[in-house]
Amino acid sequence: MENIKIETPLTITDIDKLTVGQKVLISGVIYTARDQAHKRLYNMIIEGKELPFELKDQIIYYVGPTPASPGRVIGSAGPTTSGRMDAYTPLILEKGLKGMIGKGNRNEAVINAIKLNKAVYFAAIGGAGALISDCIVESETIAFKDLGTEAIHKLVVKDLPTIVAIDSKGNNLYELGTESYLKKDK
Amino acid sequence: MKTIDCKEIVDAVKKLCIQININMPNDVKEALVNSINDEDSMIGRRILEDILLNGQIASRKEIPMCQDTGMIVVFVEIGQDVKIINGSLSEAINEGVRLGYREGFLRKSVVKCPIRRGNTEDNTPAVIHFDIVPGNSLKIHLGAKGFGSENMSAVKMLKPSDEVKGIKDFVIETIKNAGGNPCPPIIVGVGIGGTFDKVTMLAKKALLKDLGQRHEDSYIGDLELELLKEINELGIGPQGFGGKTTALDLHIETFPTHIAGLPVAVNINCHASRHGEIIL
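So the sequences go chain by chain: B and G.
When we follow our numbering, the leftmost residue of the first sequence carries the number 166, and every step to the right adds one.
When we follow our numbering, the leftmost residue of the second sequence carries the number 843, and every step to the right adds one.
Bound conformation, chain B alone:
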């Protein structure tokens, strides 16, 4: 299983060549946001306010890390369940976001928005917080400090391991993986 390396911000060429099931190592700047941060970003878009970072061609990582212990950039930092962000995601994709990192399946509205806006959904291994923490080289809180672990952080990552879970054509590994496994089994 070959690793594909990509750098942020994402380009159309990057996104076009990604298909479900590929292992992708992501490097560059990514932004963290989870439940409460999503709610705020969503409301800011609706109200026409300026966002704390430019969404265009960026990746959001759904994570709420543990506090960094002395000598570390960040604590344990595995993905949280993406489905909780589904209500906010289509609008955020419409505003230019190109990639998301999380875990678990997405709803139909998100999958349609991924296709429509030519974006990609990466899955990181749920629970692999220590492994992923080692791929994060810089971390800075840039917005919503009051939300603590749910604040928006700008991260610089090096070879963050992910798998393409939903590609820009809407192919979905959460369905295809199980189906193809069951077919092979019978």
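In short, the hints are calculated from the structure, not lab data.
These numbers were taken from a predicted model, which means no experiment stands behind them.
Among the hints, a few may not be true.
Okay, derived cross-link-like pairs now, DMTMM-like style, lysine to aspartate or glutamate, Cα gap no bigger than 20 Å in a straight line [to be verified]:
{"#": "1", "chain 1": "B", "residue 1": "Lys188", "chain 2": "G", "residue 2": "Glu891"}
{"#": "2", "chain 1": "B", "residue 1": "Lys170", "chain 2": "G", "residue 2": "Glu1075"}
{"#": "3", "chain 1": "B", "residue 1": "Lys188", "chain 2": "G", "residue 2": "Asp882"}
{"#": "4", "chain 1": "G", "residue 1": "Lys903", "chain 2": "B", "residue 2": "Asp222"}
{"#": "5", "chain 1": "B", "residue 1": "Lys348", "chain 2": "G", "residue 2": "Asp880"}
{"#": "6", "chain 1": "B", "residue 1": "Lys348", "chain 2": "G", "residue 2": "Glu904"}
{"#": "7", "chain 1": "B", "residue 1": "Lys182", "chain 2": "B", "residue 2": "Glu167"}
{"#": "8", "chain 1": "G", "residue 1": "Lys950", "chain 2": "G", "residue 2": "Asp880"}
{"#": "9", "chain 1": "B", "residue 1": "Lys323", "chain 2": "B", "residue 2": "Asp222"}
{"#": "10", "chain 1": "B", "residue 1": "Lys310", "chain 2": "B", "residue 2": "Asp200"}
Some residues of chain G that are not near chain B, with every Cβ distance over 10 Å (derived) [what the hints assert, rightly or not]:
{"#": "11", "residue": "Leu895"}
{"#": "12", "residue": "Asn896"}
{"#": "13", "residue": "Leu948"}
{"#": "14", "residue": "Ile957"}
{"#": "15", "residue": "Asn993"}
{"#": "16", "residue": "Ile1009"}
{"#": "17", "residue": "Leu1122"}
Just so you know, even glycine gets a beta-carbon here, dropped at the ideal spot from N, CA and C.
For this one, chain B is given, so just place chain G on it according to the hints.
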């Protein structure tokens, strides 16, 4: 009569909170190694290997295996000949949690009001179940429960006529609905019997058992194995990407129930099954 000082309890709970979040239990490690050999999905094998590697990094660098360091659930068995001195038992447990989460750099994930939110900033209160037993020792079994898996759990009041088939269908349906969300490979706790409140506690208690340990009643033990087999035939696989390793084990706890009822609860745990116990 034995006296136990609250200070001892605070200290023991503090250490346990940190230790369980950093170290992957041996039974989980073993089960993961075995499942790698059995798994025929390539992505699945790779994920299982990464999960094991994650466990090694966590204990070597002393950082939590998972960023969701959970809400603390405690099962306390207090001997009736034990006297707790210098404070309250519940407050001592919560103080231990408070210190453990602060000193261990663990994530504080508990909010004060479930509707208005607002973090309590110290991961308390813990959910504590007390049981008074004969003897003069105090057993504290503590689990850090992540909510990726907790959110996928379910309870159902079946009718007696639903019989064992109804139980199986409900368990399988719950796991199917959960898919990749609870971070498979999962560990499944099933409660059967009691009342609406009792059955969910049984399901949680079932998660405390060691992997591979079967129910002492062989009828229930066989049902555990049947359900485990059916779950692993769903094809969900590691992280929901397909494969045969969906659950590492399934445990059932039962309790007598009413002639009119058949309560069933399914509590799902992720592969980072964090729990440990101390006896004072």
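These are the hints, each one checked on the structure:
no.: 1; hint: B:Lys188 to G:Glu891; verdict: holds, 14 Å
no.: 2; hint: B:Lys170 to G:Glu1075; verdict: violated, 34 Å
no.: 3; hint: B:Lys188 to G:Asp882; verdict: holds, 17 Å
no.: 4; hint: G:Lys903 to B:Asp222; verdict: violated, 34 Å
no.: 5; hint: B:Lys348 to G:Asp880; verdict: holds, 18 Å
no.: 6; hint: B:Lys348 to G:Glu904; verdict: violated, 42 Å
no.: 7; hint: B:Lys182 to B:Glu167; verdict: holds, 14 Å
no.: 8; hint: G:Lys950 to G:Asp880; verdict: violated, 37 Å
no.: 9; hint: B:Lys323 to B:Asp222; verdict: holds, 18 Å
no.: 10; hint: B:Lys310 to B:Asp200; verdict: holds, 14 Å
no.: 11; hint: Leu895; verdict: violated, 6 Å
no.: 12; hint: Asn896; verdict: violated, 4 Å
no.: 13; hint: Leu948; verdict: violated, 6 Å
no.: 14; hint: Ile957; verdict: holds, 14 Å
no.: 15; hint: Asn993; verdict: violated, 7 Å
no.: 16; hint: Ile1009; verdict: holds, 24 Å
no.: 17; hint: Leu1122; verdict: holds, 28 Å
Of the hints listed earlier, those the structure fails to meet are numbers 2, 4, 6, 8, 11, 12, 13, 15, in rising order.
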